[in-house]
Amino acid sequence: MQFYRQFILSTLLFNFVLFSACEQKRVALGADNEIRIICSELDKEVLGEVLAAIFYDTLYTPQPEPYYYFKFSDPETYDNLKDQAYVVVGAVNRDPGNPGLQLLKKLLPEDQFRASSTNDPILFTRDVHANKQLFMIMNTGSADQLMAAAREKKQWIRKQFHDQFIRRQGRFLFGDDRNTELEKIIKKEHGWSIKIPWGWEMIRSMPDSNFVWIGREMPFQWISIHWKTGIYVKNELTAGQYLWNWPKNHYRSVQFSDYHFQLKNTKFKRHNAWRVDGVWETINEMEAKGGPFRSYLFYDEENDRTYHINMLIHNPGNDKSLYMRQLDLIAKTFKAVR
Numbered sequence: 149m150q151f152y153r154q155f156i157l158s159t160l161l162f163n164f165v166l167f168s169a170c171e172q173k174r175v176a177l178g179a180d181n182e183i184r185i186i187c188s189e190l191d192k193e194v195l196g197e198v199l200a201a202i203f204y205d206t207l208y209t210p211q212p213e214p215y216y217y218f219k220f221s222d223p224e225t226y227d228n229l230k231d232q233a234y235v236v237v238g239a240v241n242r243d244p245g246n247p248g249l250q251l252l253k254k255l256l257p258e259d260q261f262r263a264s265s266t267n268d269p270i271l272f273t274r275d276v277h278a279n280k281q282l283f284m285i286m287n288t289g290s291a292d293q294l295m296a297a298a299r300e301k302k303q304w305i306r307k308q309f310h311d312q313f314i315r316r317q318g319r320f321l322f323g324d325d326r327n328t329e330l331e332k333i334i335k336k337e338h339g340w341s342i343k344i345p346w347g348w349e350m351i352r353s354m355p356d357s358n359f360v361w362i363g364r365e366m367p368f369q370w371i372s373i374h375w376k377t378g379i380y381v382k383n384e385l386t387a388g389q390y391l392w393n394w395p396k397n398h399y400r401s402v403q404f405s406d407y408h409f410q411l412k413n414t415k416f417k418r419h420n421a422w423r424v425d426g427v428w429e430t431i432n433e434m435e436a437k438g439g440p441f442r443s444y445l446f447y448d449e450e451n452d453r454t455y456h457i458n459m460l461i462h463n464p465g466n467d468k469s470l471y472m473r474q475l476d477l478i479a480k481t482f483k484a485v486r
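Using this note's numbering, read the sequence shown as starting at 149 and increasing by one per residue.
Some hints here could point you the wrong way.
[Unchecked claim] The following label-pair restraints were derived from C-beta to C-beta distances:
(1) F322 - D205: 16 to 24 Å
(2) K253 - T481: 39 to 47 Å
(3) P355 - K173: 43 to 51 Å
(4) T386 - K417: 18 to 26 Å
(5) Q172 - D205: 31 to 39 Å
(6) K480 - F368: 18 to 26 Å
(7) I333 - E449: 25 to 33 Å
(8) E450 - P214: 36 to 44 Å
(9) P214 - T481: 23 to 31 Å
(10) R400 - D222: 49 to 57 Å
(11) E189 - G339: 55 to 63 Å
(12) D275 - K376: 25 to 33 Å
(13) G318 - F368: 16 to 24 Å
It should be emphasised that the hints constitute simulated quantities derived from the structure, not laboratory data. As the structure is a computational prediction, the values presented were derived from the model and not from experiment. From the three backbone atoms N, C-alpha and C, an ideal C-beta is built for every residue, glycine too.
Let's have the full structure, built from the sequences with the hints guiding it.
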């Protein structure tokens, strides 16, 4: 609790400094899988290592893809980049000629510059130069101190970035132009609901098999939902077997690869669930397709149903991690009708 009180205090002080001028702001620019790091060449390696210790998530597509790309820029570009969505300004090297250090001294009043460099080297706030923006400062003369602070605050920082991703992407995915007609049809026919973005359509609906498949093209993003009455999965072994065999029984032309097939226990909203991440591929080699997938398998006690929500992406030659995170947001709008 002491850590969080101190961290909130630092955040409030930082807010006070940077919000001293009130101005009309536009929505922050940039992709939601890019973190803009503004520092000198002297600090690039250290800050990169510290941020990598915080943001280490990787999606195998099958090639590894990070959830966040680090985009480094010189301090001289600050005015041009300060309205990006995710901004980190930092300096570790105390050389008076370090342009990153000079920038921090301009951004922070002298007393807070001294306090952060010795006590709390990571400062955090929102909407400094644009709306829906995260802004973080890393200020210390010790790389070890910065790394220790990053590890201590890692989960808190990760949550702030994830929550911001939800806020920004939610506006795009779940605006007024959602496919509400398809949402109503699914709810009426199958007894559950899910938010469906604009451009998505029904691919396959099989009421007799309790199977629904929806998606979009360019890139290909697909979600399918299957359910059975009763508890069908009670432990890790049966969960793994169920999920491994599932695509052949329902997609028929798709199978999961054993490459980075990762099964773990997790939460899906309020339910205990099994989550599996991995790579899918077509069975027919003449029409070779593939990409990353994710599944959630859980039992709903109130409806006495076991649900399986599966997500597939096919976007050859292009990034996929952002689209998988979008699919995860859509999947988590799922709600069983009571």
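Checked hints:
Checked against the given bound of 16 to 24 Å, the beta carbons of F322 and D205, roughly 23 Å apart, stay inside it. Taking the beta carbon of each, K253 and T481 are about 45 Å apart, inside 39 to 47 Å as hinted. For the pair P355 and K173, the beta carbons lie near 49 Å from each other, so the given range of 43 to 51 Å is met. Distance hint for T386 and K417: a CB-CB separation of about 22 Å, consistent with the stated range 18 to 26 Å.
Between Q172 and D205 the beta carbons are some 35 Å apart, a value that agrees with the proposed interval 31 to 39 Å. Hint check: K480 to F368, Cβ distance near 20 Å, so the stated range 18 to 26 Å holds. For the pair I333 and E449, the beta carbons lie near 27 Å from each other, so the given range of 25 to 33 Å is met. Look at E450 against P214: about 38 Å separates their beta carbons, and that is inside 36 to 44 Å.
The hint said 23 to 31 Å for the Cβ distance between P214 and T481, and at roughly 25 Å that hint holds. R400 and D222 have their C-beta atoms about 53 Å apart, which keeps the hinted 49 to 57 Å range intact. Range check, E189 to G339: about 59 Å between beta-carbon atoms, so the 55 to 63 Å window is met. Here the CB-CB span from D275 to K376 is close to 46 Å, at odds with the stated 25 to 33 Å.
In this structure the supplied range 16 to 24 Å holds for G318 paired with F368, their Cβ-Cβ distance being about 22 Å.
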